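Line by line, the protein sequences give chains A and B.
For the first sequence, position 235 (counting from the first letter as 1) is numbered 235 according to our numbering, and the numbering increases by one without interruption.
For the second sequence, position 51 (counting from the first letter as 1) is numbered 1051 according to our numbering, and the numbering increases by one without interruption.
No lab work stands behind these hints: they were computed from the structure.
Only true hints are included.
Not close to chain B: a few residues of chain A, all C-beta gaps over 12 Å, as computed:
(1) Ala141
(2) Ile209
(3) Arg217
(4) Arg378
(5) Pro379
(6) Gly380
(7) Lys521
Taking lysine-lysine and the DSS-like style, the derived pairs with C-alpha atoms no more than 25 Å apart in a straight line are:
(8) A:Lys422 - A:Lys14
(9) B:Lys1236 - A:Lys495
(10) A:Lys440 - A:Lys14
(11) B:Lys1005 - A:Lys440
(12) B:Lys1193 - A:Lys495
(13) A:Lys495 - B:Lys1161
(14) A:Lys185 - A:Lys365
(15) B:Lys1006 - A:Lys77
Output of the computed footprint for chain A on chain B, the stretches with three or more beta carbons under 8 Å from beta carbons of chain A:
(16) 1007-1014
(17) 1022-1036
(18) 1039-1052
Nothing here was measured: the structure is a model prediction, and the numbers come from that model.
For each residue, glycine too, the CB sits at the ideal point set by N, CA and C.
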Amino acid sequence: MEPTNIKDPAYFHKVVDCQWACPAHTNVPEYIRLIAQGRYADAYLLNRQSNVFPGILGRTCDRPCEPACRRTRVDEKPVAICRLKRVAADLKGELGDRLPRAPAQKNGKRVACIGAGPASLAVANDLAPLGYDVTIFEKAAVAGGLMRSNIPAFRLPAAVLDEEIGMILAMGVTVRYGAPITSLKALLAEGYDAIFVGSGAPRGKNLEIPGRYDSDRIHIGIDWLGSVAFGHTTSIGERVLIIGVGNTAMDCCRTARRLGGKDIKVMARKPRGYFKASPWELEDAEEEQVEIVVDHEPIRFVIEDGKLKGMEFQRYQSREENGRLAQTPLDKVILPADDVILAIGQESSFPWIEDDLGIERDKWKAPVVDKTTFMCSRPGVFFGGDAAWGPLNIIWAVEHAHQAAISIHNHCQGVALTDRPKWGMNLASTKMGLHEWAYKNDYNPVGRQKMHHVDLTRRFKELSLEVELGFDAEQTAREVERCLNCDVETVFSEKRCIECDACVDVCPVLCLTIAPGGQEKELRGRLSAPSVNPGQALYASGALPQTGRVMLKDEDLCVHCGLCAERCPTAAWDMQKFDLLMPYAGKPTP
Amino acid sequence: MSYIKKPVARHPSLRPNALGLTIRDYEGSMSTLCAGCGHDSITAAIVRALYELDVPPHMLAKLSGIGCSSKTPTYFVSGAHGFNSAHGRMPAIATGANAANRALLYIGVSGDGDSLSIGLGQMVHAMRRNLRMLYVIENNGVYGLTKGQFSASSDIGSKSKRGEANTQPPIDPVMLALDIGATYVARSFSGDKAQLVPILKGALRHNGFALVDVISPCVTFNDHEGSTKSYLYTRKHQLPIVQADFVPPAAEIRAEYAPGTVHEVRMHDGSTLQLHKVGPDYDPTDRRAAWSFLSERQRSGEIPTGLLYLDESGSDMHAAAKTVSRPLAQMPFEELCPGEAALRKLQDAYR
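Given the sequences, and given the hints that come with them, work out the whole structure.
Structure follows, in C-alpha cells:
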C-alpha cells in the first residue's frame, strides 16, 4: 500500500463525514464550534457561504449529513446538525454589511432565471455580487417556489423565507411576479447572455385508476398544499386518505389535521423500512395522531351517486426474501374517505420548451443536461435543481446553482465551461500549548438533545404556528459538545516516529496499528481492531525509521480526541485543522 | 500528561471475555508519565494479559514502591486492590499480603532503582521464598524521577544525556534471579508486545515467583545516542531466544513447530506454555545452561529476550510453610485468634 497522499483535498474532506455527505459541502464542524463560542452571526455566514439558506435548511433540510455523522459509529445518534444550523439562524442578530452586495458598476451581462425557487435564488446569490443583472421570472405572486408552496408554514414560517429570500433580492435582483414563462423561444429572443432554468418539478404524479375523475374531492398533493399555502383551501373532510408515504405525504397529512381532518390515514404500498419519508418526518406525523397503514395498494375510488365514498385497496402480506421485499396478495378492503390526497411523487414539466431550439431531449422528453456544466445542448441555457434531473431536495438545488453559476460566469466571460476552478485546502496545526489545542478535544458522552414541540392542541388551532421550538441555550450547549471535530485531522510524519507504541496504546477506539507493510486489503486484516467499514479510508505512512514497518490508521472510528498526539513524545502526530476551500463563481480558490 | 479523560467511546467490535468485560474495563486512569514512556506500553500489555486471562478485577492486587514504574499500577485495572509502599519495600508488603490472602493474584511493578538499588535485598528474598506473584521490573537504566542519574542497571559505557559514560558494572536482574533460584525468569522489551503479552500471561499463571525484566526506554533521560537502553539500541541488539505461546486450559493447541524446537510446560491451573525456540539452540528448563548461555551472549553486547527459564515443579511460599489452603483473610476471627486458653495450651506444649 502506497503512503496516503494527504495533500489531495479529497482525502481529509472524506474524513469530515458530514461535509463529505453534504451536497453543498457545508463546513459543519467549524460552524458548530462557532455556535459553541456564541459566534452565531459568524456561524450563520459560514453556512450561508455554502448552503445560502441556513434558516430555511435548519428547519427543512433532508440532512444527508446526519446519517453520515461519525458520532453514529460510536454513539447511538448523530449530532443534531440541522437543528444547530437553525440555532445559528435564530440567534444571528443583525448582519449589517456582512452580506454580499452587488457592485455599483454592473458588468453588463444579463441573466434570466426561470422560477423563483431555491435554485434560481442561489444562482442570483452567486452572480449578483459579480455585477450580473439577474432577472427572475416567477408565475406566483411571491418568491420561494416549493419552499413556500409545498412546505407548510408550521414547519417553515413565512418570516424565515422572507428574510433569507430578501437577502438575495436586496442585492438588486429583479423578480417579475405573475410572469410564467410560456415560451422559451420568446425568452431567448429577449437577448439574455444566459438563461437558467430553475423551474423545479411542479407536476404531481397522478394515479390513473377507476373513478379518478369522478369526484372533485381527489387532490394532487403538491397542488393541494400550494392551494392551502396561498389561502385558497381552508378546510377538508373529517376522513382523509393520503396515498403515498414520502415527505410530501407527511406534509399533506399534517396539514389536513390542521384543516379539520379527524381520521387521517397515510396509505403505504409497502411495509415500514421501505418508506421514502425521512424518519423524523414520520415521527412528527405520528405524534400528531396520523395513522400509517402499510401493505395497502389502491385499486379504485369508490364513488356513489357522484360522491366520493372511499377507496378500495388490495392488501398484501410482506416478508423479506434474500434481502428483497416479497409481497403476497391477501383480500381487498374498502376504506371510507371524504377526501383523498395523492402524494406519490412529482416530476418536471417543460411544455414551454419548443422542439426547434436545438435542445436535445432524452427518451422521457426531458432536456439532456451535462452533469458537470449544468448546460443543455443549446449554449447559454443552464438547468439546476429539480428541473435538471427530477426531484431531489433544497440542498441539492443549492449545489446545482453554485455549479451552474460557475458555468454561467465562464460562459459570459468567454472561458471554457470545462475550465473549472479546483478545490483547495488549508491544513494548520491546532497546537496551542503542551496539551492544549485550538479545539475542545474532551469527548462528551451526552446524548442527542430532543427537540421540544408546541403542544398538540395549540398547533391544531393555528395553521401557521411553527411546531418546533428550536433548541434552548442549555440544549444548544450540550448538543455542540457532541460534535467530534472531524475536521481536526490526525496528521502523521513518519520521520519523527520512534515506534514507542504510545499512540497505539492510548487510542480509545483502537484505530492505530504499527505493522509490516502490505497490500491494503491484507493490511485491513491485521489492524488492532477489525476494519468494520471498508468505505472508510486507511491512512498509511511510509516506512518508519527504526524498523521499516508502517503506521496505519483506520479513519472509521477516530473520535479526534487528539490523545495520540498528546502521548507522542516526538510530535510525529499532530492535530491539524483541515479547511476545504471551495470555489464559487468569480471566486476561485486561492 | 493529558488533561482529558480517555474517551468512553469504544470500538463496536470489542469482544467481552468470559466475565463479560471488554479490554477497556481493565484500564486505569490516564497516565501522568512522560509521553512515549515505555512503562505505558507495559501497562497496555498487562491490561491485555489480564483481559485475556479473564481475571476478575476484585481478585487482583497491584503493589509497587517508589519511582516512575511504581506509578503505573494506577494506570491499569481501576477495580483492583492496590498498595503503594515505601521505596524498595514492595516485596515485603506483597509477602505479607500473600500470606494473609493467598486467593488473590499479585502483580508487583517496580523499576531498576526500586528493585536493584534500595530494594535489592527485599526482591531476592521474595524470589527465594518463591512468593506466588508476577514481579515486573520496568527497566530503563536511569533514575528518571530524579532527572537522569545512572541506575544500578546502567551498562558500563552507556552515556548519560550529558554525554558522561557510566563506569560501574550493572546488576542484571535476570542473572540474579537465575542465581537465587527464581522459577520463572523472562526478559522482554516494551516495544515488543507480541513477545511480552504471552510472557505476562504465563507469569500470572505460574505457581511461584515470576520475574519479568522489561527493557522500557526512558524517552526523557535515556533515549539518546550512546544509551544502551534506548528504543533504537534495544531494537538493534535484541536477540529473541524463546517465544512463549500461552494456551489456556482445555483449549486446543494450534501452533505446530518442528520436533525438537518446542518445550511444552503444563502450568498448575491446567494451561500450557509452549516455549518455541526462535534463536540459537537453547533449553529454557536447564538453569545452569541458561546462565552460561546468557552471560556469554550478554558479554558480546546482545540482549537475549524471551521466557528464559521456567520450573513449574517448585513449591511456593505457602506450600513450603505448610499453611492452610483457606486464605487467612477469609477465616472468622475466632479461628484466627482462638483466645488465651488456646495460647496457654500451645505454650504448655513447649514446656
